[in-house]
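A.B. asks: These are the residues of each chain, in order.
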Amino acid sequence: MKVLYFAWLRERLNRASDEVSPPPDVRTLADLVAWLRSQDDALDHAMANPAIFKLSRDARIVPWDTPLAGAREVAILPPMTGG
Amino acid sequence: MKVLYFAWLRERLNRASDEVSPPPDVRTLADLVAWLRSQDDALDHAMANPAIFKLSRDARIVPWDTPLAGAREVAILPPMTGG
Amino acid sequence: MIRVTADPFDPGAEANAFQASHVEAGAMVTFTGIVRSRPDDPITALILECYPALAENELAAIRNTAMVRFGLIDAGIIHRHGRLVPGETIMMVMTLAPHRQAAFDGAAFLMDYLKTGAPFWKQEETAAGLRWVEAKQEDDAARDRWQ
Amino acid sequence: MIRVTADPFDPGAEANAFQASHVEAGAMVTFTGIVRSRPDDPITALILECYPALAENELAAIRNTAMVRFGLIDAGIIHRHGRLVPGETIMMVMTLAPHRQAAFDGAAFLMDYLKTGAPFWKQEETAAGLRWVEAKQEDDAARDRWQ
Numbered sequence: 006m007k008v009l010y011f012a013w014l015r016e017r018l019n020r021a022s023d024e025v026s027p028p029p030d031v032r033t034l035a036d037l038v039a040w041l042r043s044q045d046d047a048l049d050h051a052m053a054n055p056a057i058f059k060l061s062r063d064a065r066i067v068p069w070d071t072p073l074a075g076a077r078e079v080a081i082l083p084p085m086t087g088g
Numbered sequence: 006m007k008v009l010y011f012a013w014l015r016e017r018l019n020r021a022s023d024e025v026s027p028p029p030d031v032r033t034l035a036d037l038v039a040w041l042r043s044q045d046d047a048l049d050h051a052m053a054n055p056a057i058f059k060l061s062r063d064a065r066i067v068p069w070d071t072p073l074a075g076a077r078e079v080a081i082l083p084p085m086t087g088g
Numbered sequence: 002m003i004r005v006t007a008d009p010f011d012p013g014a015e016a017n018a019f020q021a022s023h024v025e026a027g028a029m030v031t032f033t034g035i036v037r038s039r040p041d042d043p044i045t046a047l048i049l050e051c052y053p054a055l056a057e058n059e060l061a062a063i064r065n066t067a068m069v070r071f072g073l074i075d076a077g078i079i080h081r082h083g084r085l086v087p088g089e090t091i092m093m094v095m096t097l098a099p100h101r102q103a104a105f106d107g108a109a110f111l112m113d114y115l116k117t118g119a120p121f122w123k124q125e126e127t128a129a130g131l132r133w134v135e136a137k138q139e140d141d142a143a144r145d146r147w148q
Numbered sequence: 002m003i004r005v006t007a008d009p010f011d012p013g014a015e016a017n018a019f020q021a022s023h024v025e026a027g028a029m030v031t032f033t034g035i036v037r038s039r040p041d042d043p044i045t046a047l048i049l050e051c052y053p054a055l056a057e058n059e060l061a062a063i064r065n066t067a068m069v070r071f072g073l074i075d076a077g078i079i080h081r082h083g084r085l086v087p088g089e090t091i092m093m094v095m096t097l098a099p100h101r102q103a104a105f106d107g108a109a110f111l112m113d114y115l116k117t118g119a120p121f122w123k124q125e126e127t128a129a130g131l132r133w134v135e136a137k138q139e140d141d142a143a144r145d146r147w148q
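Going line by line, the protein sequences match chains A, B, C and D. So the first sequence is residues 6 to 88, counted in our numbering. So the second sequence is residues 6 to 88, counted in our numbering. So the third sequence is residues 2 to 148, counted in our numbering. So the fourth sequence is residues 2 to 148, counted in our numbering.
Hints were generated in silico from the structure; no laboratory data involved. Among the clues, some could well be false.
Unchecked claim - Here are the simulated DSS-like cross-link-like pairs (lysine-lysine), alpha carbons at most 30 Å apart as the crow flies:
hint, chain 1, residue 1, chain 2, residue 2
1, B, 59, B, 7
2, A, 59, D, 137
3, A, 59, A, 7
4, C, 137, B, 59
To be verified - Partial selection, computed: residues in chain C whose CB lies under 7 Å from chain D:
hint, residue
5, 14
6, 31
7, 109
For each residue, glycine too, the CB sits at the ideal point set by N, CA and C.
Build out the structure end to end from the sequences listed, making use of the hints.
C.D. replies: Structure below.
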């Protein structure tokens, strides 16, 4: 599955996405974030204040405790500044 | 001086304006209205609920107790429905 | 900009010209009033009577009040009178401000004051004849919320 | 109508087409967001990053919520991404309603939700380089007033 990063998170990681295969105990989007942070110091550091981020699953914003099973694309979204 | 009537007040009176010369004891716009009503039953009847009307003096909306002296044009304005 | 006119105008073109006239604005709000004919109570036209000299003075005063109160960069009002058919634009209010809240508040304020304080009177033309539009108490209430 | 696009658009032409698309509306409100460069802190451009698939889904959801909540006849959102220079239109919200209050409230609601819930990220281009625009707490507060 694909993980997307946007804006300053993308900049800090120097990449816009990862292709990942999380282990079976990663059941929710929150689990996915925790697992990704455990694999990557830059991401871990950039997400030191996780409450500011929203997550999307297959192009829908969803709660962090949403199940991951079946997801093709998860995005980690810094605070939005549109409009 | 000229007195203007608008909308349904104009219709009820069958005229858009009067040229009048009020007596010297007519000192305010309120006095003018009272004097006009005393001269004209149709106006008196149409203004049975005077609180709904606004008055203008030389094309500025003013309080009813505004002095009349020097006015060229007074208008009696039914409730407005613009916008 | 204040304009009281019997002629039709193009609201989109007015909005674009208004937007282009200032470089420091971050937010623009427009309100457009449109002649409406309801299927259950159709009208063939709306006829607006006006006292033009007073309308220009009052609209200018309302505009100045809004400019100061909300810190607007600019505000414009265009109001038609005469006979208008359903779908035609009756009037338009435009505000330009640094940020969105002032632009929204300024436009809403202008509309609330204009509804009760600008010398226009609407008459509806229906199959049964003409009828005056009655002033709404809710318009007085809308205006009073700014006091 | 929802449109997420890298291309410029003509806000006045969009507003006119939107107004003409419905016959029962009495009131239209538009909000236009404009790239702003302040003399005391000039920028040469605003660069908007976007997640297009999510933007279209979220804007459609916000639009549907506003339509139902305020009884709108229609609502439209156009949002650009890419590089925009000062004076260019960033985005536009339009509402059509029977009466003015719903049109105003619907447009303000759309803006407040869009500011915090649509996946766009602004970067300012200045003489000193690029800088990300920080999210404002006041935008969260503006959104929360509708809850």
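A.B. asks: Now tell me if each hint is right for this structure.
C.D. replies: So, going through the hints one by one against the coordinates:
no. : hint            : result
1   : 59/B with 7/B   : 16 Å, holds
2   : 59/A with 137/D : 16 Å, holds
3   : 59/A with 7/A   : 16 Å, holds
4   : 137/C with 59/B : 16 Å, holds
5   : 14              : 6 Å, holds
6   : 31              : 5 Å, holds
7   : 109             : 5 Å, holds
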